[in-house]
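S.K.: Turn these sequences into a full structure, and let the hints guide you.
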Amino acid sequence: MTGSPLEPRDIDWDREIDAALAVEPSHQFLGRLRARIAGEPRPVLRRLPLILFAGGGVLAALLFALRLPGTAPAPAERSGTSPAAIGTATQPVPVPHAAAAVPAPVAAIGSGVSPATSGVPPAGMPRARAQNRRHRLAPTEPEVLISYSEQRALQGLLRTAAREPLKISHAPFDAVQDSEGPPRVIVVPAIAIAPLVPEPVEEGDSK
Amino acid sequence: MHEQAERVGGLFVVTDDLEREFEARLVESSRLAFRIAYSVLRHRQDAEDVAQESLVRAYRKFSRLRDLTRFRAWIVRLTWRLALDRRRADRRRLARELVHAQMAAPDSHESEARDRAVELWAAIDALPEKLRLVVVLASLEGHDIGAVARLLGVPQGTVKSRLFTARKRLKELLV
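Residue numbers (the numbering used here), protein chains in the order written: chain A, 1 to 207; chain B, 208 to 382.
There's no promise every hint is true.
Selected chain B positions facing chain A (in silico; Cβ < 7 Å) [unchecked claim]:
1. 241
2. 245
3. 255
4. 259
5. 266
6. 324
7. 327
8. 346
9. 347
These are computed hints drawn from the structure, not numbers from a lab.
Virtual Cβ for every residue (Gly too), placed ideally from N, Cα, C.
M.R.: In structure tokens:
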């Protein structure tokens, strides 16, 4: 037999270990174990964690549903004005007629986005309503094409109009003068046009 | 699996099936738990105590065990840990018992066998814990490499490697 010299000894050791571990528990062991287990409270499936987990989920969903309409902060809260003047989240802010009169879909030229998706919802409008409005407006094409800066300015105007009523008045002449400088006076000199008199043509002149 | 649930109050469910499942595993695992404890403690009564404690703990937490096929591996780890804790706490008593066993040998042949056993266990005890557990489990109840790997939750290659290293160190210690 040409096996490894370690093999017989390994086998011997394994046998020795096996023999050393071949110890049986006493006959009373299982009986004592069963008696001890019988004295323990019965195994239970603890439903408390499941109930807590389910309750937490319902609570989170409820909080989310309650918070959804009022998620977008009212402009008055951002600007520090009294919330009473704005109303609650479920009470829509009255939009001045100046803002309401503007045709709804307005897109910036070159922005590549339609007003339905690019526009910030009008201030004071709850997010849910804004989303519904977005869905309604989605398929329509813009009616007015304006530049991006004009779009920004118009949106700013609408936000301001929603925040506080606009006072629209004619600009005083002085303000126009200050902003644009003195009006230029163009003096057009009177032009005197003399009537055309035909020259007399002599007889025999070939020119 | 828990069809025959008996409702108690609103928050807990006591299941008869759980008890039956545990009882089926108790019979097949009690001897394994005892032998693992004995491999660490080498004292029959202590090993029974530790095995009993291990199985009682398993009973208490049995409902939390999701994969019942892992029960034996769970018992192995639990018993091994408890036995090591017990041995650390009672190391002096173990030393006294070894001395007593050596003194109580009636004749020279039996005394030689006891010496050999003491020497063997001393060598096994000198192994690192991972190697020791592999040696013990490989010797218990005819466990093959695959069974030991399943019990420890490691690949078979790891078990082979550990077993090879353990035997090599035992050879160095015993020859």
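S.K.: With reference to the structure, classify each hint as holding or not holding.
M.R.: Cross-check of the supplied hints:
Nearest Cβ of chain A to the Cβ of residue 241 of chain B: about 4 Å, under the 7 Å cut. The hint holds. At about 5 Å, the closest approach between the beta carbon of residue 245 of chain B and any beta carbon in chain A falls short of 7 Å, and the interface hint on this residue holds. Interface restraint check: residue 255 of chain B against chain A, minimum CB-CB distance 5 Å, threshold 7 Å, status holds. Among the interface hints, the one on residue 259 of chain B holds; its C-beta lies about 5 Å from the nearest C-beta in chain A, closer than the 7 Å criterion.
Because the beta carbon of residue 266 of chain B sits about 5 Å from the nearest beta carbon in chain A, less than 7 Å, this interface hint is met. Contact between residue 324 of chain B and chain A, as hinted, is supported at the beta carbon level, the nearest pair being about 6 Å apart and thus within 7 Å. For residue 327 of chain B, the interface hint holds, the least distance from its beta-carbon to any beta-carbon of chain A being 6 Å, beneath 7 Å. Residue-level restraint check for residue 346 of chain B holds (minimum Cβ-Cβ distance to chain A is 4 Å; threshold 7 Å).
Because the smallest distance between the Cβ of residue 347 of chain B and any Cβ of chain A comes to about 6 Å, under 7 Å, the interface hint for this residue holds.
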